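Protein sequences, first through last, are from chains A and B. Heads up, the first sequence is in the working numbering, so the first residue is 1 and it goes up one at a time. Heads up, the second sequence is in the working numbering, so the first residue is 1001 and it goes up one at a time.
These are computed hints drawn from the structure, not numbers from a lab. Since this is a predicted model, take the numbers as computed values, not measurements. Note that beta-carbon positions come from the ideal geometry of N, C-alpha and C, so glycine has one too. A portion of the hints provided could be inaccurate.
As the list claims (entries may be wrong) - Covered stretches of chain B (chain A as the covering partner; in silico rule of three or more C-beta atoms under 8 Å from a C-beta of chain A):
(1) 1048-1055
(2) 1063-1075
(3) 1108-1120
(4) 1137-1146
(5) 1156-1166
As the list claims (entries may be wrong) - Some chain A residues judged to face chain B by a derived CB distance under 7 Å, without partners named:
(6) Gly147
(7) Glu233
(8) His308
To be verified - Here are the simulated BS3-like cross-link-like pairs (lysine-lysine), alpha carbons at most 30 Å apart as the crow flies:
(9) B/Lys1137 <-> B/Lys1116
(10) A/Lys185 <-> A/Lys408
(11) A/Lys408 <-> B/Lys1137
(12) A/Lys185 <-> A/Lys367
(13) B/Lys1116 <-> A/Lys408
(14) B/Lys1236 <-> B/Lys1184
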Amino acid sequence: MSNGPDARGLASVLLGRPEPQERLDGGSVRFEDGSSDPTIEFGPTRRTVVPRRAHVGLPPPVRRRTRQVTSSDVYNLLGALLVSLCTTYLLFGVLASFSGLIGFVIVFYVIFLVAYAVLVSINERGPTVRDKIMTSVLYSTAMLALGALSWVILSTVWRGHRPLGHLNFYTQDLSTTGNFAPRSKGGAAHALVGTLWQVGIALVLTVPLGITCAVFLSEVGGPVARLVRTVVEAMTALPSIVAGLFIYITWIVTLHEGHSGLAAALAISVTMLPIMIRAADVVLRLVPGNLREASCALGAPTWRTVWHVILPTARSGLTTSVILAVAWGIGETAPVLLTAGYTTYMNTNPLRGPMVSLPLAAYELVKTGIKTMVERGFAVAAFLLLVVIVLFAIARIVGGRGPGQLSKMQRRRAVRASRRDAQRFAVADGGRA
Amino acid sequence: MTAVTLDDVSVTFGAHHAVRHVTLRLQRSRVTALIGPSGCGKTTVLRAINRMHEQSGAIVTGTVRLGDVDIYGPGIAAEHVRSRIGMVFQRPNPFPSMSIFDNTVAGLRLAGIRNKRLLREAAEQALHHAALWDVVKDRLDQPAIRLSGGQQQRLCIARALAVQPEVLLMDEPCSALDPIATAKVEDLISRLVPDVTVVLVTHNMFQATRVSHDVAVFLLDEDRVGELVEAGPIEKVFSSPADPRTRDYLSGHIG
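Whole structure, please, built from the sequences with the hints as guidance.
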């Protein structure tokens, strides 16, 4: 109890309350005005004092508005749009004989920018005008990119939505589906199985190889690493058909292996590997050097430093590198065509026989030109998008957190473990006393 | 008793001489402060004592002996040297991917020790030693980077102590900390002896007077290369310096 009064004084300062007058039996504190606070304890069972929140009872603070859109901004924008629309309409419909949608959009956009600049410059000065123009250019390009992306996705889903609505699409293959079979027959299950096998095998091959190579590049260094890095960077630009041909020549022609899912997985690995190595190398080089030093100063050999410090610290980024490589590999069509062939049958054995993947199935189906088959092709493409999204979500959940950031479940587990520790130490202390 | 002997130690980075001809005896169970202006090679000398220069490609000549063993001698592994001579850095650098507990025993785990009971005991002892136990005992499994800067630095000291080094090198351990955290770390340093021999690099002469027994003064010579000017018990060096340059430095004329 030697530091009791000090702690009490500190608590009263923290709480802005009068100094506690006496100690209650339970170790809690009573204040001068008669109120007591059981959350504050002193004496042998002292706990951390949590200062009471100062803003309890006060209205929540209102965020100050620092960005203001004035009515003249809105009018300027609307006016410029109107001016541009009318002028373009006149140019295309009445005054000149311009035509075509793309030309219309481009002329509209240029006139809009000019009109907007003129309107803004009535009230504003040079820098503000430039700022507004740049802002509108940035917004419109972002919109353009977003629009193009959603167009690709939505048109795919739209053109393939009818087969997607039938359950058999996910459970059957196309082996007994004639060219004019109704949508209630046939599906893409064989392509899904093929994709999962091929990408799965490719992952098993590339993750250890790719991460090890990236560790070599970033941790070992030297002239050899520089050479390897150059080769890897050149390989990222390797056309995938070359990877397919390479496996076709070495695996199928020279070694006399037949077309198989494994051969396709090898070809996909060749294209995935450089992507993964490059991304992982960049991520590993971002790990702060002082962590390497700290580990080294503890007497750790390099490989333990890599395993216990570098890789866990870079985990989230490494996951991203794997995702990038999978995204690359899952969409490969040409190498699969060369190495796994095409089939409408379900083949669950990756070691033997042709095995089709989702993108290849989409390509072959759309190529037929038959209405229902083209629909099925787009449905397969949409399905591929879905598979990619699911894989990404899983990867993000499993490995996406930065170091030191715990998920809810991990946090709960940490609290439980800490509580167990505390109990164990309490028992140990009791035993010692 | 001498813990570490430096004999004519010079360090070069490529063509640039950082510090040369340092001959210094570091006494066992005492705190030795290396002081001097920026760029005079204090940290460079410190890093020569546990072979950290092998990471940065600098060349160390001369001999460094831990007890009777030449640490640069043949057959001596750098990892072994570093596990006997610990180091604490300027900025707190706990491993962000590890919990407080894992950080504390990181040195043991990195040396390949797996025994859970052993690790727990070592962690408890090291955290007690670093005066951090009461702060973290009920959140050992929380990420270490949630701690404040001062606590992180004490955790780094605990991490270095858990390996039970004979010598602890501290490279300006308080320069990234506020005065209260600094006071705690200084208090901790003075309680580390006699178990550990401490070598402390500091810019702050008051810190040197507060915590150290011996002092070594480094200055730049006429070629702008660092050199050791004077070393000895701190009362003697600070009250009656033998070298006029030390006197000038201490009175604020140079540096």
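Original post:
Honestly, which of those hints from before does the structure not fit?
Top reply: 2, 6, 7, 10
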